[in-house]
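A.B. asks: So you can see what is in the structure, the chains are spelled out below.
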Amino acid sequence: MDLELSDEQAELRDNFRSVLEDCCSPALVRAAYEESDDGDSLWRQQVELGWPSLAVPETAGGLGYGFVETALLAEELGRAAAPATLLATTSQLTPALVEADDDEALARVATGSLRGTLALSEKGRFDLDSVATTARRQGERWTVTGTKDGVLAGATADLFAVAARDPETGFVGLFAIEQTDAKVERRPGLDPALLLADVVFTSSPARLLIAPDADAEARIARITEPATVALALHMVGACRNIFEQTLAYAKIRKQYDRVIGSFQALKHRFADMYLEVERATALCYFAAVSIAEDDPERGEVAHLAKAAAGDCQRLLAEDGLQLHGGLGFTWEQDLHFWLKRAKAGEVLCGTSAWHRTALARRLGLASEGDA
Amino acid sequence: MDLELSDEQAELRDNFRSVLEDCCSPALVRAAYEESDDGDSLWRQQVELGWPSLAVPETAGGLGYGFVETALLAEELGRAAAPATLLATTSQLTPALVEADDDEALARVATGSLRGTLALSEKGRFDLDSVATTARRQGERWTVTGTKDGVLAGATADLFAVAARDPETGFVGLFAIEQTDAKVERRPGLDPALLLADVVFTSSPARLLIAPDADAEARIARITEPATVALALHMVGACRNIFEQTLAYAKIRKQYDRVIGSFQALKHRFADMYLEVERATALCYFAAVSIAEDDPERGEVAHLAKAAAGDCQRLLAEDGLQLHGGLGFTWEQDLHFWLKRAKAGEVLCGTSAWHRTALARRLGLASEGDA
Amino acid sequence: MKLQFDDATLAFRDEFLAWLEKNRPAAEEMETDPAVSSAHAPDWARRWARRMFDAGWLVPGWAPELGGRNAGAVETLVYLEALTEAGVPRTTNPQGLGIISPSILDYGRPDQVEEFAMPVLRGELTACLGMSEPDAGSDLANLKTAAVRDGDEWVLNGQKVWTSGAAYADFCFLFCRTDPDARKHRGISIILVPMDTPGLEVKPLKEIVHPDTPDLAEVFLDDVRVPIENLVGEENDGWRMANGSLAHERSMVWLDSVLAIERSMAGLLDHAKAWMPALTPAERALAADDVVRLYIETKALRALGYRGFARFVKGGNAPEQALMKAYSSETSRDLARIASEWNGTDALHTTSGRSNRRRAIGGIEGYFNTFGSTISAGSSEIQRNIIAERVLGLPRE
Amino acid sequence: MKLQFDDATLAFRDEFLAWLEKNRPAAEEMETDPAVSSAHAPDWARRWARRMFDAGWLVPGWAPELGGRNAGAVETLVYLEALTEAGVPRTTNPQGLGIISPSILDYGRPDQVEEFAMPVLRGELTACLGMSEPDAGSDLANLKTAAVRDGDEWVLNGQKVWTSGAAYADFCFLFCRTDPDARKHRGISIILVPMDTPGLEVKPLKEIVHPDTPDLAEVFLDDVRVPIENLVGEENDGWRMANGSLAHERSMVWLDSVLAIERSMAGLLDHAKAWMPALTPAERALAADDVVRLYIETKALRALGYRGFARFVKGGNAPEQALMKAYSSETSRDLARIASEWNGTDALHTTSGRSNRRRAIGGIEGYFNTFGSTISAGSSEIQRNIIAERVLGLPRE
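Heads up: the protein sequence lines correspond to chains A, B, C and D, in order.
Numbering (this note's numbering) for the first sequence: 1 to 371.
Numbering (this note's numbering) for the second sequence: 1 to 371.
Numbering (this note's numbering) for the third sequence: 1 to 397.
Numbering (this note's numbering) for the fourth sequence: 1 to 397.
Here chain A stands alone, though its shape is the one from the complex (with noise of 0.2 Å):
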């Protein structure tokens, strides 16, 4: 067991690292704070580099990297608080036309020429018991009806993969529909570069990618698990950059004329913050290379990952921002940003208290009838 990035995997991380911090500045992000702007020349930046390419497999004209790699570029996409298209497109998009063999959307991802989402979430819910949204057959051709909310970049999606019930044999399925034949509503809220969106759907044209039947609900967890750890990976991106800026901040701020992170209740904290950091991507890495290696613990790890990003972006977000003093609280200052990418995290790809209660059924804690 080696947890570690290997040397390649960690020129990769730097590399995307590197690339953000010159083509997704804190202005950048701003402007989709104050200008509506939705990343549209990040987009293409991106596009250009073949990042959308990344886990796209060779066989559709993709890089066919594995999903270690996927994960590193939710994490660094965190780290620069990026709007969120290319996230939804890799970690959200990409598995679910992997899982139903769309070369041929797959290869328009590859080309940059198709951005899209998952739209599973219904009133706030991200778990498959609560899909409303139906999708009815009429010969071959299917159509959606239902709303879907908090879309993660639903607002620069071309294409949605749709999860929905078959009311005749009550399985959820998963298709796809084009964004023109959708409703979407924008909602920029906390933190407008997350491109939220709810979409409502009125017997759109769907396309099918996976069949509602007895097998659909594994192959969708094969779709979501990757989706939660990136996003997971996402926020500790966020939280990683936010206690880096409060610890240097904390290493010049005086106060009564002493470094204020010379103070030992401060010391304290520090240390209890990058252990939350560390801790959170000991677990999201973990659930990274059990995906990547399609371990067959893969269905608790997305679970340990998201709760663990919940406990970090809990604390990150907290002390970050206390320490931070009221400069922390001033939307001049850039920290924000990442403040609002941790903590909107938490409520998109399921909470942490969900996928605890998840957790809890499958260690066999719940009992009949508990749920």
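Hints listed in this document are in silico derivations from the structure and should not be mistaken for laboratory results.
Every residue gets a Cβ at the ideal spot worked out from N, C-alpha and C, and that includes glycine.
Keep in mind that a hint or two might mislead.
Ranges between beta-carbon positions, derived for each pair [stated by the list, open to error]: (1) S6/B / D212/C: 49 to 59 Å; (2) D22/A / L3/D: 43 to 53 Å; (3) A141/C / I252/A: 17 to 27 Å; (4) E21/B / T32/D: 41 to 51 Å.
On the provided structure of chain A, position chains B, C and D as indicated by the hints.
C.D. replies: Quick look at chains B, C and D alone, frame taken from chain A:
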């Protein structure tokens, strides 16, 4: 609303404290740990001081004080980590006898010739729903069969107030059973001065205190509420002692040539401990006065008090021991008497988690079936 | 200890409630024309202040000529609770009413009282407090804004930051350094500075939440000239007065926090009942427990506050005050956090407008908003130092 | 990153497992004659040490003449895991095997290796570590026990405290001050002191749990005389060697903690399933969540430990080590606390006998027992200072 002690109450509390410092020294507690001393000499002194008569109504020859004064006594007994006979007699047996209007037994309590306790808990559960002990009526006579555990001062009780279920009606009532009709199994365990016992009743002749009928649950609550609040304040008394000892130690113990109490990280922990003790004290006093004044909210306050005492013991036992370092870890130091008293209280009269779930039900936060 | 107020106190409350019922501002006018800053007084707020002042209900503990009726501490407590229960703000310029006017009354000259303090009480002027500076933070001793005497004027230069309401206030109660050579706490004075004085510039500071309605501001002073007589109290005596100013009404400050948290708690209970049906039973139990823990904190805050208040009334020490600042602001933050965590993707929504800030519950935005209290007016870290050193007697480092 | 070990490592593990199966001490003899102290070696333990030594399985990373087989770090990791999974202790004298022998091998003379280090490895002698003193605590610089040279002997006077296994050990690896005038860290030496030397008295220190089988002790030295050649390494070079000693096997120490916590976690999961039926559904959800949170910590500890180990193997920095000490000991404590809180009045029961200590779960006694780790060998507070200053680069006070 005035939640500070009146001058008279403060004087009484000071009196309890100074008397206990004399007649219930750590050496006496140590004798309970090392020599199976039940504290009989202490009991005799307490009788001489008239303390058992404190909460007995004047009509039965007692001093007729209200519940606030009983609670203050419980607090000071906790501060002394005293052998538990008086705590059980005044805060558990006496309220039962008062509710049952049993002036004859109360008169014996007042003169010190009757010691006793409440026997409610079964299999570690402190709720009436868990009572499986049965009470059977034959003519005017009742017999009780079942096993009670974790009975406070069960080892020294002359009389048990026993919760038992009438299998015919399903209602739980309360019954007085003489020690001579029960089998008392001492369970010295963690804190021998609690004088805990398991008590087995086998067709034991029982005198009716509270009839098992539709009113019984509410009437028994009028006994368990003061018993719970007294125990909560007893724990907080132990915690305050831990706090004061730890604070005093931090002012003299040096590490790296500095008094450890001058390290800021420790200062902040002391501030948090202080808050925790003050917070629990305030809630317990609020609970005590609510019961004393028979406020409509009295059903809620015992939950608040015991939950707060639970938080208090958790922090104070943990930080009290940790900040004493190796010293607090040794048997010859007295500190562990209070650590053990504080923690033991958590599993008596309902854990803090149980009280919080009860509060959730009262606040309408549980759906039907969630219990 | 007792739970109930005595008959005289209850009679006092009834009298106030009856008056309030007749004279309170209407909910509609408060809604239509909300105060958008802590020194903004819409018309209804000015009329309301004047009505309170004239009827002796503005500061019940003061003499009638100052808008009071010589009420006692317990009566003041009951009065404040009644106002909150009625959902009526006592003032829209809390620094003006709670700190600045009282300080001028204590330390100012009669003409300053007439020109500055009384108009604030009557709702004619609003005031802001100029303390924090970029490098001083909570540490007044590092104050740098300088006032130099030039003939019969003070010439002020420097910068203030985190000044609540500066964009709306009529004048500033400004702390500045009048003796550059004196060390630290010495050499600080207080000067009254009309906000329209030439050379004074206010730059609103947008916050990370509700950037559309900033309340905080930076205040730049570039050769700002005010008459020499605008000095409050003695020259270089600012430190002592600051401790006086900030201590004003301290015995009651806990009440505002407690009442605010109780309001939030009531909101959370309602909100929680709305989430519950969508949750699984296991999640429901966890959510309920989170809410119950906060409910316990709410009750504990009130119990602690009342204990401290009882000691204060008896003339004793009330160490609960330092505790209350840290504890109440952190509880308020935790409450907002829990409310957002169980709110699903709705937690991402934002609201706009200052008047909605307090009402909104369940948003991450509301959670961030609570850091105003844990950071300002002595951060939680500073409160813990105070408790450890002044209350518990631990040695300074 | 990869989850699986390579084939060569798996082959190494298979070889060890096969040997272990044939040669391990029987569960019954371990049960019947348990080690009652960390320097107590019952007969089976002595035989077991010798068997491991002879077969090259005692310290696989060392050369065959020292009881090893020149194995690599990953192989050692696999070996330690296999031992734990089999429920077989590697030694009953961990300080002797893990710290004292390696230090003598590093710094001692050949005759000291022959007389002290090798017998410990072969299970013939046990050793204890004499570091802590009453007023020094974790602070070696304040060491007071003095060794004065008198002819060809050292004369030792002073007191040690918290000395694990002192009542059973054959000799002590004792830190003492040989130059009273040197400041702080200078002037400290290490001397080997047979425990039966006249003037040396061991007074067992009963702990607040399991007072019937004390492992810690005070060691009093009153004109204790040992030969001059019992000095280890150079005179006054003890500080440097201490840092070497304590660093021994540091890269693997995390594994012991992780494995111990995983065992406790498995126990907790079983235990939890036993409580569940008696709880109400709401309590059940809360209990399950408490257990799940600890499960996550357990997984995180392993993941963190493996990351650090991977960096160590690659020769890099492993800041996880300082983290692991505080985090693992606190997790172990939290686990014991949660196990006791849901255990009803059974949590009040106590067990007796050292061998039961680790096995018992669900008791408050077991919870208290865990403080041994959060307090000793650098308390959690000291670990946090180390992380903040050495890893994060925050300035010393």
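A.B. asks: Determine for every hint whether it applies to the structure shown.
C.D. replies: Here is how each hint holds up against the structure:
1. S6/B / D212/C: 49 to 59 Å: holds, 53 Å
2. D22/A / L3/D: 43 to 53 Å: Violated: the Cβ-Cβ distance is about 34 Å, outside 43 to 53 Å.
3. A141/C / I252/A: 17 to 27 Å: holds, 20 Å
4. E21/B / T32/D: 41 to 51 Å: holds, 49 Å
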